[in-house]
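Using the sequences and the hints given, assemble the complete structure.
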Amino acid sequence: MEIWQIVGLALTVSVLGMVLKQVRPEIALQMTILAGVVIFLLVISKVKVIIDLLQNLAGQANVSSYYLLIIFKIVGVAYLAEFGAAICRDAGEGALAAKVELAAKVGVLVLAIPIITAILESLVRLLAWGD
Amino acid sequence: MGLDMVLKVAGVGLVVAIMAIMLEQTGKKEQATFVTLAGVVVVLYIVIEGVSQVFSLVRSVFQLY
Numbered sequence: 000m001e002i003w004q005i006v007g008l009a010l011t012v013s014v015l016g017m018v019l020k021q022v023r024p025e026i027a028l029q030m031t032i033l034a035g036v037v038i039f040l041l042v043i044s045k046v047k048v049i050i051d052l053l054q055n056l057a058g059q060a061n062v063s064s065y066y067l068l069i070i071f072k073i074v075g076v077a078y079l080a081e082f083g084a085a086i087c088r089d090a091g092e093g094a095l096a097a098k099v100e101l102a103a104k105v106g107v108l109v110l111a112i113p114i115i116t117a118i119l120e121s122l123v124r125l126l127a128w129g130d
Numbered sequence: 000m001g002l003d004m005v006l007k008v009a010g011v012g013l014v015v016a017i018m019a020i021m022l023e024q025t026g027k028k029e030q031a032t033f034v035t036l037a038g039v040v041v042v043l044y045i046v047i048e049g050v051s052q053v054f055s056l057v058r059s060v061f062q063l064y
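Chains as they are written, first to last, in numbering that gives the first Met the number 0: chain A, 0 to 130; chain B, 0 to 64.
Derived from the structure by calculation, the hints contain no laboratory data. Among the hints, erroneous ones may be present.
Label-pair restraints from in silico Cβ distances [what the hints assert, rightly or not]:
{"no.": "1", "chain 1": "A", "residue 1": "V14", "chain 2": "B", "residue 2": "S51", "range": "53 to 63 Å"}
{"no.": "2", "chain 1": "A", "residue 1": "V105", "chain 2": "B", "residue 2": "G10", "range": "34 to 44 Å"}
{"no.": "3", "chain 1": "A", "residue 1": "V42", "chain 2": "B", "residue 2": "G10", "range": "47 to 57 Å"}
{"no.": "4", "chain 1": "A", "residue 1": "E120", "chain 2": "B", "residue 2": "L36", "range": "49 to 59 Å"}
Below, in silico cross-link-like pairs of lysine-lysine (DSSO-like), each with a Cα-Cα straight-line distance of 30 Å or less [as the list claims (entries may be wrong)]:
{"no.": "5", "chain 1": "A", "residue 1": "K20", "chain 2": "B", "residue 2": "K27"}
{"no.": "6", "chain 1": "A", "residue 1": "K20", "chain 2": "B", "residue 2": "K28"}
{"no.": "7", "chain 1": "B", "residue 1": "K27", "chain 2": "A", "residue 2": "K47"}
In silico negatives: residues of chain B with every beta carbon more than 10 Å from chain A [to be verified]:
{"no.": "8", "residue": "M21"}
{"no.": "9", "residue": "L22"}
{"no.": "10", "residue": "K27"}
{"no.": "11", "residue": "K28"}
{"no.": "12", "residue": "E29"}
{"no.": "13", "residue": "T32"}
{"no.": "14", "residue": "G49"}
Positions of the beta carbon are idealized from the N, C-alpha and C atoms, including for glycine.
Right, here's the structure in full:
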């Protein structure tokens with residue numbers, strides 16, 4: 000990922016989209032989707048480095064990798080939902096975008112259930128200790 | 000996968016637009032519709048390939064299974 004590549008790609012797609020939107024709006028939308036895909040592919044190699052770093056740090060700090068994995072899953076779900084919702088909104092389907100976001104919120108909450116349970120359990124244990 | 004793919008889609012879009020305009024000028028409205036539909040399908044094929052690549056990459060990077 001180099002930042003000038005991404006900026007150049009985005010500017011090119013913006014200009015081409017401007018032209019294409021007047022004659023073929025449906026293909027202009029698909030070009031926007033493809034540009035998002037390409038930008039993500041350029042970025043993902045760096046994201047992998049960050050994730051490896053976090054896993055390394057968690058391993059050194061003896062944090063259970065189970066919880067870290069849940070965090071990664073939540074980030075992935077949030078990213079995918081954001082991607083889909085933004086494209087739906089670009090296409091003028093605001094209601095559909097809102098539904099995608101709702102689904103992502105539910106999914107994140109479901110993924111977070113083990114963490115919430117663990118926090119509540121430790122809280123209860125802490126309170127019981129005080130008696 | 001890269002800028003060439005986006006440019007391919009843009010090129011398909013422009014060619015389809017020009018062909019549709021020419022066909023409509025010569026009074027072949029239904030053929031213009033077919034050309035448009037074919038263009039959309041071709042572009043959708045390219046886009047879906049890219050999107051599936053991204054989805055599998057997201058699943059492997061964020062360990063979403």
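Hint by hint, here is what the structure shows:
The beta-carbon spacing between A/V14 and B/S51, approximately 27 Å, falls outside the hinted interval of 53 to 63 Å. Separated by about 40 Å at the C-beta atoms, A/V105 and B/G10 satisfy the suggested range of 34 to 44 Å. Range check, A/V42 to B/G10: about 25 Å between beta-carbon atoms, so the 47 to 57 Å window is missed. For A/E120 and B/L36, the Cβ-Cβ distance of about 57 Å falls inside the hinted range of 49 to 59 Å, so the restraint holds.
With a C-alpha separation of about 23 Å, the suggested pairing of A/K20 with B/K27 holds against the 30 Å cut-off. For the proposed pair A/K20 and B/K28, the alpha carbon gap of about 20 Å is at most 30 Å, so the pair holds. Using a Cα cut-off of 30 Å, the hinted pair B/K27 and A/K47 is violated, with the two alpha carbons roughly 52 Å apart. A cut-off of 10 Å between C-beta atoms confirms that B/M21 is not in contact with chain A; the least separation is 12 Å.
A cut-off of 10 Å between C-beta atoms confirms that B/L22 is not in contact with chain A; the least separation is 13 Å. Distance check for B/K27 against chain A: the nearest CB is about 17 Å away, which clears 10 Å, and the non-interface claim stands. Distance to chain A confirms B/K28 as a non-interface residue, since its nearest Cβ pair spans about 16 Å, more than 10 Å. The claim that B/E29 lies off the interface holds: its Cβ sits roughly 18 Å from the closest Cβ of chain A, which is beyond the 10 Å cut-off.
No Cβ of chain A comes within 10 Å of the Cβ of B/T32; the nearest lies about 13 Å off, and the non-interface call holds. Annotated as non-interface, B/G49 brings its C-beta within 10 Å of a C-beta of chain A; the closest such distance is 4 Å.
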